[in-house]
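Chains as they are written, first to last, in the working numbering: chain A, 1 to 487; chain B, 1 to 391.
Note that these hints are calculated values from the structure, not bench results. One thing to keep in mind: the hints can contain errors.
[Claimed, not checked] Taking lysine-lysine pairs in the DSSO-like style, the calculated list, with each CA pair at most 27 Å apart, reads:
(1) K366(A) - K268(A)
(2) K27(A) - K339(B)
(3) K339(B) - K5(A)
(4) K388(A) - K264(A)
(5) K72(B) - K317(B)
(6) K72(B) - K5(A)
[Said to hold, decoys possible] What follows is a list of derived Cβ distance ranges for each label pair:
(7) E336(B) - A84(A): 24 to 32 Å
(8) A242(B) - E307(A): 46 to 54 Å
(9) T270(A) - G368(B): 57 to 65 Å
Since the model is a prediction, treat every value here as computed from it, not as a measurement. Quick reminder that beta carbons are idealized off the backbone N, C-alpha and C, glycines included.
Chain by chain, the residues run as shown.
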Amino acid sequence: MSRVKEFNLPDLGEGLTEGEILSWLVKVGDTIELNQPIVEVETAKAAVEIPAKWAGRVQSIFHAEGSTVEVGTPIIAIDTDPTAGPLETPAPTGDVAKASSAAGEAAKAAADSGQSGDAASGGRTPVLVGYGPRTTAAKRRPRKGVAPAAPAQPAPVPAQPAAAPARPAPAPVPSGPSNTGNGHSGPAGGARVLAKPPVRKLAKDLGVDLSTLTGSGPLGSISREDVRQAASGTPATAEPLAAALVGGTAANVGVHREQRIPVKGVRKLTAENMSRSAFTAPHVTEFLTVDMTRAMKALDRLRQRREWRDVRVSPLLLVAKAVLLAVRRHPMVNSTWAGEEIVVKDYVNLGIAAATERGLIVPNVKDAGRLTLRELADSLTDLVQTAKAGKTSPGDMSGGTLTITNVGVFGVDTGTPILPPGESAILAFGAVRKMPWVHKGKVRPRQVTTLGLSFDHRIIDGELGSRFLRDIGDFLADPEAALLAWT
Amino acid sequence: MAKGDPGVSTRGRRAVPRSRKGATGDPELVQLLTPEGERIESVTGPDGTEYRVDFTDEEYRSFYRDLVLVRKLDAEATALQRQGELGLWASLLGQEAAQVGSGRALRTQDMAFPTYREHGVLYCRGIDPIMPLGLFRGVDQGGWDPNEFKFNMYTIVIGAQTLHATGYAMGINMDGKTGTDEGEAVIAYFGDGATSQGDVNESFVWASVFNAPMVFFCQNNQYAISEPLERQTRIPLYRRAAGFGFPGVRVDGNDVLASYAVTRHALDNARHGQGPSLIEAYTYRMGAHTTSDDPTRYRIASEVEAWQAKDPIARMKAFLVKQKIADDDFFAEVDEQAKRESVHLRERVLEMPNPEPSSMFDHVYPNGSPLVDQQRAQFKQYLESFEGSAH
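Using the sequences and the accompanying hints, generate a full structural model.
Written out as structure tokens, the structure is:
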């Protein structure tokens, strides 16, 4: 066995297919001990440290922090006997890295082409332990003494070359016999087309005739992707399009002027949540413009109080308080649509959308309804600082019941926010501006803001949503009176 | 054990010399060694039983050695999982004292029914720690002979083993093997989450009404995966026993001496025909539920830190140092042994052979079956139809 050993990313938790390198705890040239933590990897289940499998010296590191690596791909090479002198092939580490990552790429390519349609379309591939799902095309050992022409025998390996566009452009009617003559017969042979039942259902729904397709899956079976492509009429490759463009105005449409950003981490999660919510919960948004001058003055007075001297007091605090009081008056807005039933919560985990370097995150203040104003102020400060420092834990982000998004900090007036999944209302708090406003019969410069409330119309009718928004507005217009009236 | 019955005395002593609050401020917690390493001479349990232990220096040192070894071997298994050599591992980190204390309280003739986390009990039964690793590596089904070791197979189904244990204990009664010092007793391990299972409650009922010679040993590590204790119970778990008609006691599960004393007393009661009892070992799972779990998603760091201060090994070490029972050479030697044994364990795991495919037919019936023989033959023929090696 070679002195330099490569360590492959293992399946860290029962059935995972990939992990993201969060941080390397060692660097090339470091001497490491057995079981010394070398890298922190985040999977769909957990962020974990991986201990070194061998003692020795770090020879190369194949993937930078932030990259997503498939299970089974080498991530680090360790020289297990660094005292034994220079390596036999003293390749510069860069080359080693390149070669190995090329190997990784190859494995990845094989994975992309070899896996079933379900896996390719983002489904979960079942796997028991070890190194995750098989990343190469299924390959059987040949049977002894069986005539290759035996009719019952399917072709041993999918015959299509994986790289070539095996999927036909919207099909010219297939000419059966012109199919390859290796017994992998096309539809004309009268043989049944290979496709899983859900794929057949999909084809039926989309009006695609399976017998006109050539499958790209194992044994020439037709995948979901094949059906979708046939339905959308998209050719599998971009070549015709590119060719069309080259002639004319193609000069500016080069690949080199596009940036490709892998979708992962917070971005991926945000995208999934937003699409899920946008397409499952029917949103309605209402707006209310409020004169916050009194409230802003109240904040000033609050800041001057001795016991509040060191507390960060912002208009967001008042908005949070307004929301919490309004929820108490209209508990139904603090609920979840759970299919058969509506879950109305007696506690408010108040989410605050925060822009961070890693993207948008929505940590929440747990049981915010029970906090005093002072506790609420401290919690908000704490929550924002933790978020900015990138230290928000998943627990802080889960279980939110109602959210405020403070778009005002970006200088805009309002918005139509999308509900976080599982929540029924979200309030956009716009910028507070000095605006002309009719005050006591005269136009005065007043501090005005616009609130935007989106709510789930399955649970919250226009009346309830309006009353809730109105109450928030009433509080912000005159907090003292609202407190006296409601509490 | 060096002596036949190392000094647990539970009856006939003067009452309540020092009654003190335990680590959690709970007056009902039996504790003989504080988190600071102070020995408490004796403690009176909720039913008036007085618990005390009297060990030789050598025995105190051996408790420490077991705790360290059990933790180290467990850490090695966790590392092996992270390196892709085990499919899964359920770490016992933080629960060493509850396991070593109760495990060493078993007598040779006693039978243990573990969950999948009782690596420490397994070790104290004198079983090679490699045994469960084949299961977690996926090269065998964890099929050791329970009778050989008096240690049942790891049970993955939550709480199911309490029923098996109860049945076994009822069998002991039917065999008339109770009533003397040589009587047999059974210990069933389970966790706080399992107390919500029907199986466990049914076991309580059966064990109670049939006066089964057994001890229900609940390691309350505060979480059923992510579900906290307050979602399992409104009263301390040990008090549930009263409703079923047998005694219950809560012991500091991070105190190896108290865990030993309480378990030994309960087992001896059982073997003398006095029926079942429930022990709630109050402890904390310092690590993840299993390697597939991320505890930072459901519990806060300050809670973990608070329990860190109650570490079972640190307090034992503090005690040994304060009482001058052990010196630096001893601690270094124990660490060295732990390292050696963990490396040895690793090497043996990596060398575990892949099982023969036909071995899956081997233990279907104890004495074989013609039908299974036929299937084995067919399978063999099928494998041989391929070119190259068997698998």
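Structure-based check of each hint:
1. K366(A) - K268(A): Holds - the C-alpha atoms of K268(A) and K366(A) are around 25 Å apart, at most 27 Å.
2. K27(A) - K339(B): Roughly 26 Å separates the two Cα atoms, so the pair holds.
3. K339(B) - K5(A): Cα-Cα ~23 Å, so holds.
4. K388(A) - K264(A): holds, 20 Å
5. K72(B) - K317(B): holds, 15 Å
6. K72(B) - K5(A): holds, 25 Å
7. E336(B) - A84(A): 24 to 32 Å: This hint holds: roughly 26 Å between Cβ atoms.
8. A242(B) - E307(A): 46 to 54 Å: holds, 48 Å
9. T270(A) - G368(B): 57 to 65 Å: holds, 60 Å
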